[in-house]
Amino acid sequence: MDAEEGVENNGGGMPSFRGPLNLPAGMSLDSLRLDTTMRMSRLGPGSPMKQALGNSSTVGPSPTRTSYSDRFIPSRSSSNLTNYALLDRSPSGLHPAHNSDNREDGAAAYSLLLRTELFGAEAGSLSPATPEKSMGLTSREPIRSPMSPTRNLFRFKTDHRAGGPNSRPESPYSLSPIGADGALTGVVTSPRKAPRKIARSPYKVLDAPALQDDFYLNLVDWSSHNVLAVGLGTCVYLWSACTSKVTKLCDFTPTDIVCSVGWTQRGTYLAVGTNLGEVQIWDAQRCRKVRTMAGHRTRVGTLAWSSHILSSGSRDRNILQRDVRVQEDFVSKLVGHKSEVCGLKWSYDDRELASGGNDNQLFVWNQQSSQPFLKFSEHTAAVKAIAWSPHQHGLLASGGGTADRCIRFWNTATSTALNCYDTGSQVCNLVWSKNVNELVSTHGYSQNQIIVWRYPAMSKLATLTGHTMRVLYLAISPDGQTIVTGAGDETLRFWNVFPSPKSQVAMKRAATHMHS
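So in full-length UniProt numbering, spot 408 of the sequence shown is number 408, and the numbers just go up one at a time.
Watch out, some of these pointers could steer you wrong.
[Stated by the list, open to error] With a straight-line Cα cutoff of 20 Å, these simulated DMTMM-like cross-link-like pairs (lysine to aspartate or glutamate) come out:
{"hint": "1", "residue 1": "460", "residue 2": "438"}
{"hint": "2", "residue 1": "333", "residue 2": "323"}
{"hint": "3", "residue 1": "333", "residue 2": "350"}
{"hint": "4", "residue 1": "434", "residue 2": "349"}
{"hint": "5", "residue 1": "375", "residue 2": "350"}
{"hint": "6", "residue 1": "204", "residue 2": "490"}
{"hint": "7", "residue 1": "245", "residue 2": "490"}
{"hint": "8", "residue 1": "289", "residue 2": "251"}
{"hint": "9", "residue 1": "289", "residue 2": "329"}
{"hint": "10", "residue 1": "197", "residue 2": "438"}
{"hint": "11", "residue 1": "245", "residue 2": "283"}
{"hint": "12", "residue 1": "333", "residue 2": "359"}
{"hint": "13", "residue 1": "338", "residue 2": "316"}
{"hint": "14", "residue 1": "289", "residue 2": "256"}
{"hint": "15", "residue 1": "197", "residue 2": "479"}
{"hint": "16", "residue 1": "289", "residue 2": "328"}
{"hint": "17", "residue 1": "460", "residue 2": "422"}
{"hint": "18", "residue 1": "434", "residue 2": "479"}
{"hint": "19", "residue 1": "248", "residue 2": "283"}
{"hint": "20", "residue 1": "248", "residue 2": "207"}
{"hint": "21", "residue 1": "375", "residue 2": "359"}
{"hint": "22", "residue 1": "375", "residue 2": "340"}
{"hint": "23", "residue 1": "333", "residue 2": "278"}
[Unchecked claim] What follows is a list of derived Cβ distance ranges for each label pair:
{"hint": "24", "residue 1": "419", "residue 2": "119", "range": "40 to 46 Å"}
{"hint": "25", "residue 1": "255", "residue 2": "328", "range": "22 to 28 Å"}
{"hint": "26", "residue 1": "251", "residue 2": "496", "range": "30 to 36 Å"}
{"hint": "27", "residue 1": "370", "residue 2": "251", "range": "35 to 41 Å"}
{"hint": "28", "residue 1": "338", "residue 2": "255", "range": "28 to 34 Å"}
{"hint": "29", "residue 1": "209", "residue 2": "242", "range": "19 to 25 Å"}
It is worth saying that the hints were derived from the structure and are not from the lab.
Even for Gly, the Cβ is constructed at its ideal location relative to N, Cα and C.
Based on the sequences and whatever the hints tell you, model everything.
In structure tokens:
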């Protein structure tokens, strides 16, 4: 049989078989019929293909009849491809230039959208002209990225809320926690400031021969005139931070040794506590002893000034209040500790005195009391490290010895314990910065480190090492930027740890200017 044999045209444009075909067993001619109804419905009335095929309604099965074929032709009528901007929604021929340069225009639209989202509407308005603008073509619909949906799916909407014509849109990429309608609308947001860098090495190291390795002594203090006093064995030396000049103030050889030093608030007189229980007052400018005060039976390991009142703590477990304006050696005695008093600090308003002892107790006294009005017993080792906060009234910090290792915070106004942080080693000293809300602790067994803390988070800003023995002594410069540490390794090390007060004032002024 020829290839054309048995096939004829029925006049409807579709061929029909007039003779039998060599079909597989079980297959009929109906299985070879193709349903062209769906395909013909998609062709326009003037389509050449439809004219060639003729009217499909006269050929093939009824629309209600389910027909089967050997091919699957998917229907895309239910696929909403316009949601993804994959199909052009505009009528054909509306934008001939856009249709011909679809890829280039899409890239330009995407760049415009990205620039607007990242840098705001102003940056988008400054973008180069798109091809439509350059050719004078406009569109009623906004240009959308070919990779972005035109409806709600994956669309980042810029919310222009009430706030006047000067309100800025809130970018979805903004790192600021304050929205466009926040309370600080209009405040210029700036990137996060890098954390302050603290030098890990001291900028100066001084030899301090005969500096004692004794936890209960306080042998270093820094005056308001920028003069450092250091007790070395039987002598007291003065070192000027301005001129680096060293002066020997006094010498107790061979009968006595120095156990504590403390400057007056004006920095003109220095109190010296001795091993025999005396307290001497020295004029630092004239290097002359003004007076000697007795009262303690044994060594005086700690001193604290409050205007004209000098408090001294001793191994005899007593605290003596001395008024340097009167002739008496002391005006009152504070009794309460069961062991040596090794820490004394007056509050910044001179109303409360905190004392720590080798009995693991922390007491708080007022100016009139002979008994402590607050007693804190949570420490499990000697309490030498004591510091009052200059930023919050009644906030007191204390540190415990080797068996305790903790820094604890107290509110003396409410008589409550606040927080406790385990430092991992013996806490020897604490000092609070006057410029920022931070504090420094020095440590002994077993790490001999210096730690700068940010309060109240108590996050470590820096850990400074260099001393080979316990860091038993600590003082801060009058400008609040520098600390000096001393240890039994017979060295004094100077560290820059805090910012200057001028930088803090400048930051506050800048913040005030931004808010105004």
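Hint-by-hint comparison with the structure:
Proximity of residue 460 to residue 438 is assessed by CA-CA distance (about 10 Å); at most 20 Å being required, the pair is judged to hold. Taken as a hint, the residue 333 and residue 323 pair is honoured in the structure, with Cα atoms around 12 Å apart against an allowance of 20 Å. Taking the CA atoms of residue 333 and residue 350, the gap is about 18 Å. The hint holds against a cut of 20 Å. Of the supplied pair hints, the one linking residue 434 and residue 349 holds, its CA atoms being roughly 14 Å apart against a limit of 20 Å.
Between residue 375 and residue 350, the direct Cα distance comes to roughly 19 Å. Compliance with the 20 Å bound is thereby established for this hinted pair. Straight-line distance between C-alpha atoms of residue 204 and residue 490 comes to about 14 Å, which keeps the hinted pair within the 20 Å bound. At roughly 19 Å between alpha-carbon atoms, residue 245 and residue 490 fall within 20 Å of each other, so this suggested pair holds. Straight-line distance between C-alpha atoms of residue 289 and residue 251 comes to about 11 Å, which keeps the hinted pair within the 20 Å bound.
For the proposed pair residue 289 and residue 329, the alpha carbon gap of about 15 Å is at most 20 Å, so the pair holds. As the CA atoms of residue 197 and residue 438 are separated by approximately 14 Å, the hinted pair is consistent with the 20 Å bound. A hinted pair counts as satisfied when its Cα atoms are at most 20 Å apart, and residue 245 with residue 283 qualifies at roughly 17 Å. With a C-alpha separation of about 18 Å, the suggested pair residue 333 and residue 359 falls inside the 20 Å cut-off, and the hint holds.
Distance restraint check for residue 338 and residue 316: the Cα-Cα separation of roughly 9 Å lies within the 20 Å cut-off, and the hinted pair is therefore satisfied. With a C-alpha separation of about 16 Å, the suggested pair residue 289 and residue 256 falls inside the 20 Å cut-off, and the hint holds. For the given pair, residue 197 sits about 18 Å from residue 479 by alpha-carbon distance, which is consistent with the 20 Å threshold. Between residue 289 and residue 328 the CA atoms are separated by roughly 17 Å; this keeps the pair inside 20 Å, and the hint holds.
Simply put, residue 460 and residue 422 have alpha-carbon atoms about 13 Å apart, close enough for the 20 Å limit, and the pair holds. This hinted pair checks out: residue 434 and residue 479 have alpha carbons roughly 9 Å apart, not beyond 20 Å. Our distance criterion of 20 Å between C-alpha atoms is met by residue 248 and residue 283, whose separation comes to about 12 Å. Restraint check for residue 248 and residue 207: satisfied, since their Cα atoms lie roughly 15 Å apart, inside the 20 Å limit.
Restraint check for residue 375 and residue 359: satisfied, since their Cα atoms lie roughly 12 Å apart, inside the 20 Å limit. For the given pair, residue 375 sits about 16 Å from residue 340 by alpha-carbon distance, which is consistent with the 20 Å threshold. Distance check on the hinted pair: residue 333 and residue 278 sit about 15 Å apart at the alpha-carbon level, within 20 Å; holds. Residue 419 and residue 119 have their C-beta atoms about 44 Å apart, which keeps the hinted 40 to 46 Å range intact.
Take residue 255 and residue 328: their Cβ atoms lie about 25 Å apart, and the range 22 to 28 Å holds. Against the hinted window of 30 to 36 Å, the Cβ-Cβ separation of residue 251 and residue 496 comes to about 33 Å, which satisfies the hint. Distance hint check: the CB atoms of residue 370 and residue 251 are about 36 Å apart, consistent with the given range 35 to 41 Å. For residue 338 and residue 255, the hinted distance range of 28 to 34 Å is satisfied, since their beta carbons lie about 30 Å from each other.
A beta carbon spacing of about 23 Å between residue 209 and residue 242 agrees with the range 19 to 25 Å that was offered as a hint.
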